[in-house]
Amino acid sequence: MKGTQYYIVAEHTFCVKATDSILALMQNYEPFRTAPIEDLLFGLTVTNGSPVDYIEEWRQDEEGQDTICGHTEQGEPVFEFRFGGKTAGWLVCVPGYRSGVLYLCGFQTMAAVDNALMIMFAMASACLGTVLFHAAVVSLDGRGYMFLGKSGTGKSTHARLWLENIPGTELMNDDNPAVRIKADGTAVVYGTPWSGKTPCYRNVSAPLGGIVLLNQAPYNKIVPLKGVGAYAAVVPSISGKRWDERIADGLHETENALTSNIPVWHLDCLPDANAALICKETITQ
Amino acid sequence: MKIKKGFVLRTVCGENVIVGEGLDAINFGRMLSLNETAAFLWKKAMEYGDFTADSLADALCEEYDVDKAQALNDVKETLDNWTKLGVIE
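Those sequence lines, one after another, are chains A and B. Residue 264 in my numbering sits at position 264 of the first sequence; the count goes up by one each step and never skips. In my numbering, each residue's number is its place in the second sequence (first place is 1) plus 1000.
Bear in mind the hints are in silico, worked out from the structure with no lab data behind them. Quantities reported herein were computed from a predicted structural model and do not represent experimental measurements. Built from N, CA and C at the ideal position, the CB exists for glycine as well. Where hints are given, some of them may not hold.
[To be verified] Cβ-Cβ distance ranges computed for the label pairs, FRET-style:
| id | chain 1 | residue 1 | chain 2 | residue 2 | range |
| --- | --- | --- | --- | --- | --- |
| 1 | A | 284 | B | 1029 | 27 to 37 Å |
| 2 | B | 1001 | A | 65 | 33 to 43 Å |
| 3 | B | 1013 | A | 197 | 26 to 36 Å |
| 4 | A | 197 | B | 1029 | 18 to 28 Å |
| 5 | A | 49 | B | 1001 | 29 to 39 Å |
| 6 | B | 1050 | A | 207 | 40 to 50 Å |
| 7 | B | 1073 | A | 278 | 42 to 52 Å |
| 8 | A | 284 | B | 1011 | 24 to 34 Å |
| 9 | A | 224 | B | 1001 | 33 to 43 Å |
| 10 | B | 1029 | A | 33 | 32 to 42 Å |
| 11 | A | 59 | B | 1033 | 26 to 36 Å |
[To be verified] Cβ-to-Cβ under 7 Å is the rule here; a few derived chain B residues that face chain A:
| id | residue |
| --- | --- |
| 12 | 1010 |
| 13 | 1012 |
| 14 | 1013 |
| 15 | 1015 |
| 16 | 1017 |
| 17 | 1021 |
| 18 | 1023 |
| 19 | 1033 |
[Said to hold, decoys possible] Residues from chain A that keep clear of chain B, each with C-beta distances beyond 12 Å, as calculated:
| id | residue |
| --- | --- |
| 20 | 1 |
| 21 | 3 |
| 22 | 23 |
| 23 | 24 |
| 24 | 38 |
| 25 | 57 |
| 26 | 105 |
| 27 | 128 |
| 28 | 154 |
| 29 | 164 |
| 30 | 186 |
| 31 | 249 |
When you get a sec, could you build the whole thing from the sequences and use the hints?
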């Protein structure tokens, strides 16, 4: 049996058409379920499929996970997801990313569904003041604080140190929060169904209070970043396909608004309680 | 000469910055801040497509109160820098 479910993430709605057995696997999306709605950001159809012919543009290799980007002869964007060299599925989108089809191979099904939905969400919302970050984010006293850094820098560790040492802190998302610039210019951070290895799928939001770029060091020290420095700190943590000019323009607009309005910091840190305390003292003033 | 594919001039918090966004520039991995004159030259270079130090120096003389020899000197310095950084070819 096939069905359609509707979801709302960062106030954007999308739907997934799939077999009941696949829909039943999407437990991380449950907090984001919503009633059927007509005005959708995008729709994804999930089905079984065979290899898709496409022309490769670029590939990203991250911890044994390959994402290969390309396009069909007709110019439809294609993304192939491989895990340990083995293909889990192909996502074929319409230009503009309003709809897409994920062809599954019956291997790493949920990872392929998650990747496909993250890509479609990021691409379809890029020109709507929305970005998907690679970051951990905590909330404290009604504000969200986001921690950025290269893989392995200790984003999750730093977030955990806040939870352990600063009463009132909650984890909003551990890997892929969304940030949206509202009509009045304020930035809001949202939990999403995507949270890396930590099962933290919370439908919560908070005004963004600060962004901290983490860097491992033998000491703790925090300094503010301004202008181009702040922009350069933020951009590498945002998912996108910047060789698509329309998407690059949309992302730039959001990134520029973010770094013009939200305090950005650089934290050299140890993985210790003091790092969290120094950070909190400085950025929540 | 021409600007390599994939490099884009962006305004970041009021400053002019060159970033690598296209497929051929995606591994540039840094941002290049331009002062007002350099940003002017970049825009002219984009407009011309194929440019020379001489054509940019002429443009500079039209826009600013500077003599040709001085303009050519400034343009060459900027282009040397861009060549070293690999944003033009």
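task: Mind listing which of the numbered hints don't hold for this structure, in increasing order?
output: Failing hints, ascending: 5, 25, 31.
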